[in-house]
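Number of protein chains: 2
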Amino acid sequence: MADPARGFPHSEFETRVARLQSAMSAAGQDALLLTSAADIFYVTGFLTRFWESPARPWFVVVPASGTPIAVIPAIGADLMGQSWLTDIRTWDAPFPGDDGVSLLCDTLSGSVPATGTIGIPMGLETHLRMPLGDYLRATQTLAPRSFVDATDTVQRTREIKSEAEIAKIRAACAVADAAFAKVPEFAGPGARLDHVFRDFQIALLHSGADWVSYTAGGAGQGGYGDVISPAGPKPLQNGDVLMLDTGAVLDGYFCDFDRNYAIGAPSDAVKRAHAALFAATDTALSELRPGMRACDVHALFDRELTRLGAKPGGGRLGHGLGITLTEWPSFTPNDQTTLRAGMVLTLEPGVEIAPSKILVHEENIVLRDNGPELLSTRAPADLPILR
Amino acid sequence: MADPARGFPHSEFETRVARLQSAMSAAGQDALLLTSAADIFYVTGFLTRFWESPARPWFVVVPASGTPIAVIPAIGADLMGQSWLTDIRTWDAPFPGDDGVSLLCDTLSGSVPATGTIGIPMGLETHLRMPLGDYLRATQTLAPRSFVDATDTVQRTREIKSEAEIAKIRAACAVADAAFAKVPEFAGPGARLDHVFRDFQIALLHSGADWVSYTAGGAGQGGYGDVISPAGPKPLQNGDVLMLDTGAVLDGYFCDFDRNYAIGAPSDAVKRAHAALFAATDTALSELRPGMRACDVHALFDRELTRLGAKPGGGRLGHGLGITLTEWPSFTPNDQTTLRAGMVLTLEPGVEIAPSKILVHEENIVLRDNGPELLSTRAPADLPILR
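Chains as they are written, first to last, in this note's numbering: chain A, 529 to 915; chain B, 529 to 915.
In case anyone wonders, no lab produced these hints; they're calculated from the structure.
Wrong hints could be hidden among the right ones.
Pairs count within a copy or across copies, as identical chains cannot be separated in the list.
[Claimed, not checked] Derived lysine to any residue pairs resembling SDA-like cross-links, with alpha carbons at most 20 Å apart:
#, residue 1, residue 2
1, K710, A907
2, K762, D606
3, K762, R720
4, K762, T576
5, K710, D727
6, K885, G841
7, K710, R726
8, K839, D620
9, K710, D910
Bound-form chain A, shown alone (with noise of 0.2 Å):
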C-alpha cells in the first residue's frame, strides 16, 4: 500500500467554514453549534477514536465570520491545538454539575447578539451528542438569544465534497477493493460465516484501512434474510449466497460498499436476481445526473428492477456517504432532495428472490456534471463462486 498523503491543508477547512457562514448567513443563523464527531471532524480536522468513550461532550461553535472556536475537555487539547484552530478552550471533564455549559454559553454569548439565533442541527439523522439535559439549561441561559434548526445548513454544505474529500473516499474504497478480492482466500464451504467476517476485517487492515468501524453480511440458501445481524458460528454450504458489506476508515473518510458471493454453483433465481440488480445499477450509472431528486433514484431502480422481472426489496436503495457510512439524502421515495455535482453516493438497490431471500448490491460513485464516476471498482457481472 502506497502511503496516502494525511489530513488537509488549512486553505480546505476556511473553504467549508466560508461555505457554512454563506448558508449561516441566508438562513439567518447568528452561529453554528456543532456537537457531533463528524460535524467537529468536517470544520476543523479533528480526527480521533476517543468519541468512542460517550463520557464528554465536545463543542464547536462557528460564528457568523471568522474561526470556529473550540469549547473541549482538556484531554483533547494537544490533539485539537494540532488543527487549524487557534481559539481552544477547554474544562477539565467530566465535570458533574457542569460539564462544559457555562463555558459553553460564556462563548456563544460572545459571538451571538443578545437577541440572535443559533443554529444546531435537530433534523432528519441528526442528534445531540451532549447532555439534552444541558442543552435545555444552554436554551435557558442564552435566552433571549434562540435555538433553530440548521439540519440544511450543514446538511447542504456537508453533501457537497471538495476534490481532496473524494480522493479520501476514492482511497478508502481501494482499501475494501483490494479486501474484496482477498475473499475467496477465506471464504468458502465449510467456513464460518463469523470466522469470514473476523477474516474480511483482518483482510480490511492488511489492505490499508486505519480502522474498520462497520462490517455487516449475512449468507443463507438462494439468498440471505437480513443485512445488520452479527455473524454466527454456522458453516457456509453449498447454495448460499455470500454477502460482505464494508465502512472501512481511511483518515476519517468511509467507503460503504458490498460483494455477493455464490458458495458453489447459485441457482437460476439466485443468477437472475444478480443480473437485474447489475443491469439496474448500469442503469443507474448510465442516467444519474445532477438536478434530479433522491426520490427519482428510487424510482429508477423500481422500475428497472421490476421490468427485468426482479421485485424490488429494502427501503432505501441508495445514500451519501463521506465522513459517516451514511448520510444525506436517501434514496426512498419521500427524499426530495436535488442531487448535485459533488455529492458522493451508493447506489444499493436490493431485490426480493423469496421471503426472507434477499441480495442487496452496491457501488459508490461521485456525481458528475455529466454523470457518476465510480469510486469502487465495479462488481463482476457475473456473480462470483468459491468454490
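For this one, chain A is given, so just place chain B on it according to the hints.
Chain B alone, transformed into the frame defined by chain A:
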C-alpha cells in the same frame, strides 16, 4: 480461542427490566424512553454494528410493568424479532416529516397516563440519540405528560453487573491479554507507529475480538504526549515509551486497558514513573471497597503517587466499563458516586514525567464485597523492553 457462549437467557433481561422498573417506581417514572445503542442493547440484547449509520433513530419504551416495546426502523425487525421482546413496532426509516415520531408518541401515550412522567437519560455522560427536533415535537404531542431526567434510573441499574456480564467483560479482557502478548512480534525499534496500531488491531481480531471499536496509544522519548491521537508514520526508536490501549468487543462487551513498553532500555525517570504507577495500582487493588466514593479513588491515586515522588497526571483516573468503552462513575475529584459490589471499573492512574511526557497504566476489575477482582491479567511489575 474457545468459542464463548453468545447472548443471555431471557431471564437475564427480565431481571434487568425488573431492576429498572423498581428504580422507575422509586423515582415516579411511568415509562422510560431509551434511544442509545447501549441502553437498548442492555434491555433487549439487540446487537448490531448498524448503529454506525446515523440515519435512523431507534426507540425502546420500558413501561412501569411488563415487557419493553421496541419502536424501530423496519430494517431492524428481523433482528429485534430474535430478542425476547414480543411487541415490535416498525416504520420505514428514514422518513422525512415523521421519522417514527407519531409511532413513538402513540406507544408512549398508550403506556403513560395523561398526566404521567416519562424518564429519559439527560444527565452527565448521556446523549440524545434521536433528532432533537423530534424530541421537542414529542414533548408537545405528549403534554401534559412530562419528560424527566432518568440518568440515575439507568446508571444505578446498569453500573451493577450480573455475573453473566462480568464473564463477558472477563472474556473481552482475555482477548486483549492475548493480543498484548503478541506486541513484541510487531513492535520494536524501527517499527512505524501506524503499522504497530494496525498490527495490534489485527492481533486483537486473531485473538478473538468480534470487532475493535477502539484502539489508541502513543509513543515518545521518555513518555508520550497524549493518549487520543491517531498514529503517525514515525518509527519507534530507542528511548521511546510505547503505550497501546484498546476497547476490543466480544459479544457486545468491552475491555478497556493499556500496556506500556520501553523501546530499548528505559531511562531511570521512566522506570521510576512506571514503578510508582504499578505500586499505586497495587494499593488500589488492595484498598478499594464498596462504600468508598469515586472521588476517594482519585484521592487514593493522588496520595500514593505523590508519596512515591511522582506527579499525578491526567484528569480522570479510571471509570466504569461494560457495554460502552467508558461508563460512569468517573474517578475525578468531583464524582461523589458511591462504589458498590458488582461494579466493573478501570484503574487508570497517570504520571507526568515532564511537560507532554506522561505514562498511563490501566487495569480492569470487578469490585467485590472484599475488594477488587482483576479481570485483566496484571501488567508486569517491570516495564517490558522491546529491542
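Cross-check of the supplied hints:
Proximity of K710 to A907 under the C-alpha cut-off of 20 Å is restricted to the intra-copy arrangement: shortest distance 14 Å within a copy versus 37 Å between copies. In this assembly of identical chains, K762 and D606 lie within 20 Å of each other by CA distance solely across copies; the values are 18 Å between and 46 Å within a copy. Only within a single protomer do K762 and R720 lie at most 20 Å apart by alpha-carbon distance; the minimum there is 5 Å, versus 38 Å between protomers. Taking identical chains as interchangeable, the C-alpha atoms of K762 and T576 lie at most 20 Å apart only when they sit on different chains, with a minimum of 18 Å there against 35 Å within one chain.
Taking identical chains as interchangeable, the C-alpha atoms of K710 and D727 lie at most 20 Å apart whether they share a chain (10 Å) or sit on different chains (18 Å). With identical chains, the CA atoms of K885 and G841 are at most 20 Å apart within one copy only, with a shortest distance of 10 Å there and 55 Å across copies. For a Cα distance limit of 20 Å, the shortest separation of K710 from R726 qualifies both inside one copy, at 13 Å, and across copies, at 18 Å. Only between protomers do K839 and D620 lie at most 20 Å apart by alpha-carbon distance; the minimum there is 18 Å, versus 55 Å within a single protomer.
Proximity of K710 and D910 under a CA criterion of 20 Å is satisfied intra-copy only: 17 Å inside one chain copy versus 41 Å between copies.
When held up to the earlier numbered hints, the structure conflicts with none and fits them all.
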